[in-house]
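First to last, the protein sequences are chains W and F. Going by the working numbering, the letters in the first sequence line up with residues 12 to 590, in that order. Going by the working numbering, the letters in the second sequence line up with residues 232 to 392, in that order.
By construction, these hints were calculated from the structure, which means they are not laboratory data. A couple of the hints might just be wrong.
Here are the simulated lysine to any residue pairs, SDA-like style, with alpha carbons at most 20 angstroms apart [unchecked claim]:
1. W/K59 - F/P369
2. F/K234 - F/R254
3. W/K165 - W/P63
4. W/K139 - F/Q311
5. W/K549 - W/P297
6. W/K408 - W/G520
7. F/K247 - W/F17
8. W/K59 - F/K382
9. W/K59 - W/Q92
10. W/K165 - F/D307
11. W/K165 - F/G261
12. W/K59 - F/N305
13. W/K59 - F/I298
14. W/K165 - F/K382
15. W/K165 - F/Q292
16. F/K249 - F/V268
17. W/K165 - F/I298
18. F/K247 - F/V235
19. W/K59 - F/R289
20. W/K165 - F/A296
All figures in this text were calculated on a predicted structure; none of them were measured in a lab.
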Amino acid sequence: MIKASFWRYLTVAAVLLLIGLGNLVQIVRIQASPEVAGVIGQGDYIWKTFYPARGEIYDRYGHLLAGNKTVYEVGVDLTAQPKPDFPTITLAAQITLGLDPGETLSLMMNAVPTAQYVVLADYVPADKAQALMDLQELSADDPNGLTLDAVGFKAHLMRSYPEDDLAATVLGFVTRDNHGYLGVEEKYDSVLAGMPVSLLIPADPRRALEYPHIPAGQTLVLTLDRELQSAVEGILDEALDDTGASSGTIVVMDPRNGEILAMASTPRLNLNNYTQINELFPGATPYNRAISQAYEPGSVVKILTMAAALDTNTIRPDTTFFDTGVIVYGGWPIYNWDRGAWGTQDMTGCLAHSLNVCLAWVSTTMGNDPFYMYMQRFGLGHPTGIDLAGEVPGRLKLPGDDDWYAVDLATNAFGQGVAITPLQLMMAASSIANQGQMVYPHVLLAQVQDGRQRFLSPQIVGTPISADTARTLSEMLAIGLEAESSEALVEGYRIAGKTGTAQIPEIGGYDERDINASFIGWGPVDDPQFMVYVWLEKPQTNRAASVVAAPIFRQVVEKTIVLLGIPPDAIRLQIATGQ
Amino acid sequence: MDKVEIMEQVTNIVTKAKQAPWRVQRQWIGLFLLGFVAIAMVAGIYLNVTARTAVSGREIQFLQAGISANLRTNSDLETQLASLTSAEAMQRRALALGFEPVDPEDITYVVVPGYVPDRTVDLSSPQTEETVRPILLPEYSESLFDWFTRKLAADLPAGGQ
């Protein structure tokens, strides 16, 4: 006989078995359900693209020039329950985000039938998104069910420039697709942006530690000095107002290592509003004239001609030339800037008075081969290779070129018939300031990645002239400025420099009305720590660079010596000699 | 009744009791329940460990999301600070406070022996990534075999002698 307890045990066992079977069925059902399939995507793994944060850009003293800020993508979950109330969402988006109600409604109503999510707006500023979030919270308990629960927010970063247009021509900008354009942003785009990575990551949260670590883009430290950059831009803007020039460029470089301390050019774009670029830079307007616009700079090139002549021993500083006011070469007469005859001049006098006739004599005495060999050694006709996007090579016509004529040897000597950028001339002139060694101009000081900062070593790109030639020419240029009581001189500091007043070429000849006014100089002569280039395009108040460009050079130098802490020569020598 | 008879009766009773159908069935049920409880225990432990791991995984995911949010906030604050201390803003504030731009002739230079200014910024982190990496004891990730191997290797004399 079977006892009653047997049935009790059997019942308990059956119940437990049923529960177990029920669990099994539930497990299989959940695993096979479309909801789970939707969550886990393609099985145990989900494709996910990781976008690393774009690296920041600092000046040499750690001032942020380009950073990131949080913005939001605002969208609607069309699968939300209860179903999203489109009119309520439309109204809320209009009030808080300023979205057009018709477009918003259309986006939601006309979404494809399979769509689960629709984006209403992206790059929404944090304050506007917060307003919508607040509204969403307020409406959560709406008795009529008119909630904003279906509205979703996805935060992400967007480029931001706290200094607005400061150093805009150096920095460039980043568009919404996270691509850098122009300047540093384009040149170092891949370095700053990091590498977006698409990976299959485990959907199982137990394997969260397997998620990859995607390194952020590298942070860059530039050679720029923010305070100097700001001062130089202010001086440039004021100079354009004072002289009526159509545009201008000022560059400050350390001639010992090629570090660009400031680089200003007009116009400048507010980088937080980069979409205005087409209005501000119509047609072929260069973004950064210091590297992107080659021009005939005029007499500033005479320093290169004289350097070549001294280095080849064609002339010496005391070599004399009798200036009759005209020299004919290649069938063309060449005159001085004032059409005058300056009589007997030594080479220092030729530079001091900027005599075209004398320099044409110097280059033609040298001959084609040595002259053009030196011009090429100085890098004319080739990009400097500066780490900024958009550099142009300029043009140095050479004997044998279709458009080269014999007279070019004479005119090239004083900077006509040759097109170069301000930076090309600075690189070439760095050899004169830097004991014959020509430096590579650059804007990147250091890179920061994984918490480590790596400084870049300065590079010497050539030694086109000897140290003796460099010293001799610097001295000649300093004497020349002092002899002329140049407006470029700064009390207490010995400066070497040269003006350049150049005609502007046009079809069939040269513009008779407008000129380009330039000045290049460096100092202190015995230990150059700065080199400054000034270029004003078409100044209206005066046609002489010594009047319009030299005073601007002085203003820049006065700011530079204060901000770089360069003491007057007498004190510096006192420090050097330990007295 | 002698002793032998009594023993036979006892033996019979015991044999009958052992061979009773209800007793055999109870044994089977007991065995089944024992197996079931054992499986249930293993399943319960597995479920518990899995659930805790999943919860930890979710926490890691939340923490990673928190790190991302903190990095964004950090970027935001850095940019806001930079805007508040921009060159233009600082100049404006300095002028409002009565400061004036200095001219070269207004500066007095003082020689400080041994002073070498090195003013370029250093953005290196004080701690590298390796030093702040979370420490996870090997016991939490190694197998029993790995544990034995490690312990045995640790007990071996240095140099493998």
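Each hint, compared with the structure:
1. W/K59 - F/P369: The given pair, whose Cα atoms are some 30 angstroms apart, is violated under the 20 angstroms limit.
2. F/K234 - F/R254: The given pair, whose Cα atoms are some 29 angstroms apart, is violated under the 20 angstroms limit.
3. W/K165 - W/P63: Within the cut-off at roughly 16 angstroms; holds.
4. W/K139 - F/Q311: holds, 17 angstroms
5. W/K549 - W/P297: holds, 16 angstroms
6. W/K408 - W/G520: holds, 17 angstroms
7. F/K247 - W/F17: holds, 19 angstroms
8. W/K59 - F/K382: violated, 40 angstroms
9. W/K59 - W/Q92: violated, 26 angstroms
10. W/K165 - F/D307: Holds, at roughly 16 angstroms.
11. W/K165 - F/G261: violated, 58 angstroms
12. W/K59 - F/N305: violated, 24 angstroms
13. W/K59 - F/I298: Holds, because 18 angstroms separates the two Cα atoms, which is no more than 20 angstroms.
14. W/K165 - F/K382: Between W/K165 and F/K382 the Cα gap is close to 49 angstroms, so the pair fails against 20 angstroms, i.e. violated.
15. W/K165 - F/Q292: Holds, at roughly 16 angstroms.
16. F/K249 - F/V268: Answer violated: F/K249 to F/V268 is near 26 angstroms, above 20 angstroms.
17. W/K165 - F/I298: holds, 15 angstroms
18. F/K247 - F/V235: holds, 18 angstroms
19. W/K59 - F/R289: holds, 17 angstroms
20. W/K165 - F/A296: Given that 20 angstroms is the threshold and the Cα spacing comes to 12 angstroms, the pair holds.
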